[in-house]
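Peer 1: Just so you know, the protein sequences line up as chains A and F, in that order.
The first sequence begins at 1 in our numbering and counts up one residue at a time.
The second sequence begins at 1 in our numbering and counts up one residue at a time.
Calculated directly from the structure, the hints in this document are not laboratory data.
Note that beta-carbon positions come from the ideal geometry of N, C-alpha and C, so glycine has one too.
Among the hints, a few may not be true.
Claimed, not checked - Stretch by stretch, here's where chain A covers chain F in the computed footprint (C-beta under 8 Å, at least three residues): (1) 3 to 15; (2) 47 to 55; (3) 58 to 70.
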Amino acid sequence: MSAQNTKPDHLVLLVATRKGAWLYHGDAARQSWRVDGPHFLGHIINHLVLDPRDGRTLLAAAKTGHLGPTIFRSTDLGQSWQEAAKPPAFGPAVNGLAARSVDHTFWLAPGHAAEPGVWYAGTSPQGLFRSTDGGMNWAPFSCINDDPQYRQWFGTVQDGTPDGPKLHSIIVDPHDAQHLYFAMSGGGVHESRDGGQSFVPLVDGMDVVEGFDPTDISFHDPHCVRLCPSNPDRLYQQNHCGIYRLDRPGSIWVRIGRNLPTEVGDIGFPLVLHPRDDRTAWVFPMDGTEVWPRTSPGGHPAVYATRDGGSSWQRHDAGLPASQAWWTVKRQAMTADRQDSVGLYFGTTSGELWHSLDEGRQWSCLARHLPEIYAVETAYPG
Amino acid sequence: MRVLIPSALHSYTGRPWVDATGATVAALFDDLERQFPGIRFRMVDEQGQVRRHIRLFYQHAMLFDLATPLAADGELLIVQALSGG
Chain A
1 MSAQNTKPDH LVLLVATRKG AWLYHGDAAR QSWRVDGPHF LGHIINHLVL
51 DPRDGRTLLA AAKTGHLGPT IFRSTDLGQS WQEAAKPPAF GPAVNGLAAR
101 SVDHTFWLAP GHAAEPGVWY AGTSPQGLFR STDGGMNWAP FSCINDDPQY
151 RQWFGTVQDG TPDGPKLHSI IVDPHDAQHL YFAMSGGGVH ESRDGGQSFV
201 PLVDGMDVVE GFDPTDISFH DPHCVRLCPS NPDRLYQQNH CGIYRLDRPG
251 SIWVRIGRNL PTEVGDIGFP LVLHPRDDRT AWVFPMDGTE VWPRTSPGGH
301 PAVYATRDGG SSWQRHDAGL PASQAWWTVK RQAMTADRQD SVGLYFGTTS
351 GELWHSLDEG RQWSCLARHL PEIYAVETAY PG
Chain F
1 MRVLIPSALH SYTGRPWVDA TGATVAALFD DLERQFPGIR FRMVDEQGQV
51 RRHIRLFYQH AMLFDLATPL AADGELLIVQ ALSGG
């Protein structure tokens, strides 16, 4: 999404962790960084996002080990915070379905540029919520939360990820505010053409774990779906079962990760797209063999980049540990800035923040000893 | 009645002991929410269930039912379970 009210030279990294949030303010050259934090020390922060439409509204999805989930909001880059008056919460039981409670808000997404103040949120267990007042009041959105078919596709808590099943990758088509996507782990990718009044699955071409039936939507596990900022008709996806691309109006995902080295594979969580080139994407492969260690393959972390839409991939590991590094990167914990030489940033499960100023070719560690990093976003405050 | 607030919720109350009224636990929680907006949802979910890591003690007994009647002169202790990490 384009930014209207931001300053291109003031880049801030928004780092959400299992024990709080940190902001890293970069200089114009992205060489020195001023750390601001912790915010919410001890709180579990799943996502921290600045509204690119106004450059000032910052939302944090929070809970603690003991307390229920909530949303905090700041309009002064975290100098002060105000709690949402009405955080995301499910309604009472309807349609004969079991009542549900939000465990945590997992994903925050600003709405369309023509709809200032609109935000979307995805939760665990899977739920879709919307705010029309900049994140102060949230309401269940669309029919899916209490739709019997969607409830079946959500599966059970036991079907979800170790931290609970999640609704994520909420995408608003920048050309059409009525055109929405979201994804669920598990539960597939879904699309709406009517502003969320209805959604339909978008899973053709996607693989599922051997032994499961690919025609059952609940068995599909997209980890991260991204829409190209430079081409809203192109989507990329990192899935539990490979990397995919989809060019609209087509509706069949094409697996593009087969050309990664066999010993690395095309399993992972994050996927990052170039702000101006729809052929360029970066992934962070993870060991998804046997018991799913969820570590860097061989203890040797690397980013893989494609410059041709997924036909070929190049390994980028210069500066990263050469051995015995058993961390990985979660689905929200890798991102890009929009500078001329695109900067890439990722946070690790072991609390390190890494960056590259040359589109992934050379990496350096920006911060160590943070808690487990759940999300990293770039922001350009106004 | 006097109500003990766990440390995780002092950001709402500013102190460990507060006064609140209610003929039942649910009514007392409504009064807490009126005094300290947002505090109820951190302890009780949208289906009216006390959250997993919150414990309530009244007259030396643990209670789980928000319909439990309360006497005006008692004390309700709200405690974090020994969990988390």
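Peer 1: Going through the earlier hints one by one, which of them does the structure break, listed in rising order?
Peer 2: Violated hint: only 3; rest satisfied.
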